[in-house]
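Please work from the sequences and hints to get the whole structure.
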Amino acid sequence: MARTDIIPRGGARPHLLYLRSTRSWNIDRMGGLIPQDWRYSAADVYDLQERVLEDIDVLFFSGMHDQLFLKSIEPKLVAYLSAGGHFLINGHIILPWLPCLKPFKAVSPKPFTNWMIRPAEPGAYFGRMDFENYHRHEGILGQYARGYSDAPEGAQHLCLIGGPTPDGGIHEGPVDWVWRMPGGGKVFVHNGDHIEGFCSDPRRQPNLLHDILNALVFSDEPKAGAPV
Amino acid sequence: MTKDIGFVTSGDGAQLQCYRDYQSYLDAELYLRTLDRVDLTDFKAIVIPDFSHPDLLRRQARQINDYLASGGFLIVFEPNRMDEWLDVVEVQWFSRETEDWKWWMKPGGRMEAYQPEPLHPMARAIPQADMCWHFFGAFRLPADATPILNLDNDEGCLMYDQRVGTGRLIASTIDPHTHHGRRFMPATTRFLNGFYPWLKAEVSGRGAN
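Residue numbers (my numbering), protein chains in the order written: chain A, 45 to 272; chain B, 12 to 220.
Source of the hints: derived by calculation from the structure; they are not laboratory data.
Please read these numbers as outputs of a predicted model, since none were measured by experiment.
The reader is advised that the hints may include incorrect statements.
[What the hints assert, rightly or not] Some chain A residues flagged as far from chain B (calculated, every beta-carbon gap over 12 angstroms): (1) LEU114; (2) GLU182; (3) ASP237.
[Stated by the list, open to error] What follows is a set of in silico ranges between Cβ atoms, one per label pair, in the way DEER data are often shown: (4) B/GLN139 <-> A/PRO119: 24 to 32 angstroms; (5) B/GLU101 <-> A/ASP211: 50 to 58 angstroms; (6) B/PRO208 <-> A/GLY213: 30 to 38 angstroms; (7) B/ALA212 <-> A/PRO119: 39 to 47 angstroms.
[What the hints assert, rightly or not] List of simulated lysine-lysine pairs, DSS-like, C-alpha gap at most 30 angstroms: (8) A/LYS154 <-> A/LYS267; (9) A/LYS154 <-> A/LYS120; (10) A/LYS149 <-> B/LYS113; (11) B/LYS117 <-> A/LYS154; (12) A/LYS267 <-> A/LYS149; (13) A/LYS115 <-> A/LYS154; (14) A/LYS115 <-> A/LYS149; (15) A/LYS146 <-> A/LYS120; (16) A/LYS149 <-> B/LYS211; (17) B/LYS14 <-> A/LYS154; (18) A/LYS146 <-> A/LYS267; (19) B/LYS211 <-> B/LYS14; (20) A/LYS115 <-> B/LYS14; (21) A/LYS267 <-> A/LYS120.
Here a beta-carbon is modelled for each residue, glycine too, at the ideal position from N, C-alpha and C.
Here's what the structure looks like:
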């Protein structure tokens with residue numbers, strides 16, 4: 045549910061800062077993908093070391109980001125989260141650079157249905173998506189994601205990936221999840237390459253990226269006060 | 012040169028994953044942002060994987076060029092626009108799209124490339140099927156280079172091996188690390204499963220030339 049009492053850190057409009065990184069896909073497209081009634085800024089990821097973040101609502105990281113660098117400024121990023129700033133993180137985390145992140149885990153691509161994305165608690169983030177199709181790229185499975193990462197306790201598991209394993213077990217997990225730091229901001233993680241590549245062109249409705257961003261800043265999901 | 016292979020990383024998740032997967036063949040993970048603090052001449056070979064950070068490559072270009080010029084063995088994968096920052100040897104890269112990136116979905120489909128005869132030693136270690144998924148442009152083949160993988164009709168070269176003074180350059184427009192590291196496209200995993208054992212044997216003097 046959208047809350048009307050939230051005042052963005054950016055002022056009258058939410059402020060998203062896109063961090064340019066290693067040959068980020070969509071690097072020159074982002075200004076057109078972020079809602080036009082938001083404030084949008086872009087900066088080199090290495091500028092984070094010095095940049096003041098108090099007027100930023102969402103830090104957006106592409107699937108290709110320098111995890112060694114981000115780990116080196118972890119205290120600053122945790123302070124931003126503690127103060128109510130939000131993260132939208134794409135990519136495979138190999139070196140967790142926030143305390144709430146865990147390493148990526150691939151699921152078996154066989155059977156192919158393991159790569160079909162299913163709803164868990166999609167909420168305001170994915171609730172308007174057609175789960176049969178929204179995650180296919182030109183009809184192909186797997187471009188969206190090939191695995192997941194474990195989410196912190198209290199996180200909202202939005203979408204699931206995985207399924208049967210060759211040894212007869214089940215291996216599945218949250219490919220997309222969002223967690224709220226108690227008393228702080230939220231961390232949205234897409235364990236694929238670039239969430240903005242799916243149902244996020246501004247001519248597309250419903251619009252996945254817009255839904256995710258609005259849910260991050262304005263929804264009460266996950267609820268404040270959820271278990272740590 | 013006391014170590015065999017240094018792997019340069021921009022800190023991207025796929026590159027970090029590749030280093031972990033092939034660590035038994037690699038001597039060090041070298042952070043591109045601070046590469047100027049590393050003596051590259053300690054290494055017999057330096058690998059610069061696909062999708063490295065372009066600005067950082069330009070910033071560290073002098074050191075990488077000096078390594079090649081002083082007898083190092085440099086392996087660079089595109090897309091990295093090595094033609095713009097390698098200056099001790101001319102690299103002529105040109106734009107060329109893969110004809111049909113979904114060729115593998117079609118019965119009898121193939122990528123428009125072949126391994127020229129006589130096969131380069133790397134091509135003897137890695138079959139053609141494991142070098143084909145897609146590519147990022149192509150090279151004009153230098154007169155003194157040995158092709159490893161060519162476009163059909165020799166329209167351009169996708170991978171070659173060239174002596175540069177006492178040094179050696181392998182240039183590639185295929186991009187195995189970003190896909191293997193993201194757990195997508197099994198051919199890229201098969202390529203790296205062949206490439207790193209081949210490279211390790213090559214630099215430790217056990218290669219079959």
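Hint check results:
1. Non-interface status of A/LEU114 relative to chain B is broken: a Cβ of that chain comes within 12 angstroms, the nearest being about 8 angstroms off.
2. In this structure A/GLU182 is not separated from chain B by more than 12 angstroms, as the shortest Cβ-Cβ distance comes to only about 7 angstroms.
3. The non-interface label for A/ASP237 is inconsistent with chain B: the shortest C-beta to C-beta separation is roughly 7 angstroms, within 12 angstroms.
4. One distance hint, 24 to 32 angstroms for the beta-carbon pair B/GLN139 and A/PRO119, is violated here, with the actual separation near 50 angstroms.
5. For B/GLU101 and A/ASP211, the Cβ-Cβ distance of about 53 angstroms falls inside the hinted range of 50 to 58 angstroms, so the restraint holds.
6. At about 31 angstroms, the CB distance of B/PRO208 to A/GLY213 agrees with the hint of 30 to 38 angstroms.
7. Our hint of 39 to 47 angstroms for B/ALA212 and A/PRO119 holds, since their Cβ atoms are close to 44 angstroms apart.
8. A distance of roughly 36 angstroms separates the Cα atoms of A/LYS154 and A/LYS267; the hinted pair therefore is violated under the 30 angstroms criterion.
9. Distance check on the hinted pair: A/LYS154 and A/LYS120 sit about 41 angstroms apart at the alpha-carbon level, beyond 30 angstroms; violated.
10. A C-alpha spacing of about 26 angstroms is found between A/LYS149 and B/LYS113, which places the hinted pair at or below 30 angstroms, so the restraint holds.
11. Note on B/LYS117 and A/LYS154: the hinted pairing holds, with a Cα-Cα distance of about 20 angstroms set against a maximum of 30 angstroms.
12. A threshold of 30 angstroms between alpha carbons decides the hint, and for A/LYS267 with A/LYS149 the separation of about 27 angstroms falls inside it, so the pair holds.
13. Distance hint between A/LYS115 and A/LYS154 is unfulfilled; the C-alpha atoms sit about 34 angstroms from each other, more than 30 angstroms.
14. Taken as a hint, the A/LYS115 and A/LYS149 pair is honoured in the structure, with Cα atoms around 19 angstroms apart against an allowance of 30 angstroms.
15. Annotation: proposed proximity of A/LYS146 to A/LYS120 holds, straight-line Cα distance about 19 angstroms (limit 30 angstroms).
16. Taken as a hint, the A/LYS149 and B/LYS211 pair is honoured in the structure, with Cα atoms around 28 angstroms apart against an allowance of 30 angstroms.
17. As the CA atoms of B/LYS14 and A/LYS154 are separated by approximately 39 angstroms, the hinted pair breaks the 30 angstroms bound.
18. Only pairs whose Cα atoms come within 30 angstroms are accepted, and A/LYS146 paired with A/LYS267 is accepted, the gap being roughly 22 angstroms.
19. Between B/LYS211 and B/LYS14 the alpha-carbon distance is near 11 angstroms, which keeps this suggested pair within the 30 angstroms criterion.
20. Restraint check for A/LYS115 and B/LYS14: the C-alpha separation of about 27 angstroms stays at or below 30 angstroms, so the hint holds.
21. Between A/LYS267 and A/LYS120 the CA atoms are separated by roughly 25 angstroms; this keeps the pair inside 30 angstroms, and the hint holds.
Violation of the numbered hints given earlier is confined to hints 1, 2, 3, 4, 8, 9, 13, 17; the remaining hints are satisfied by the structure.
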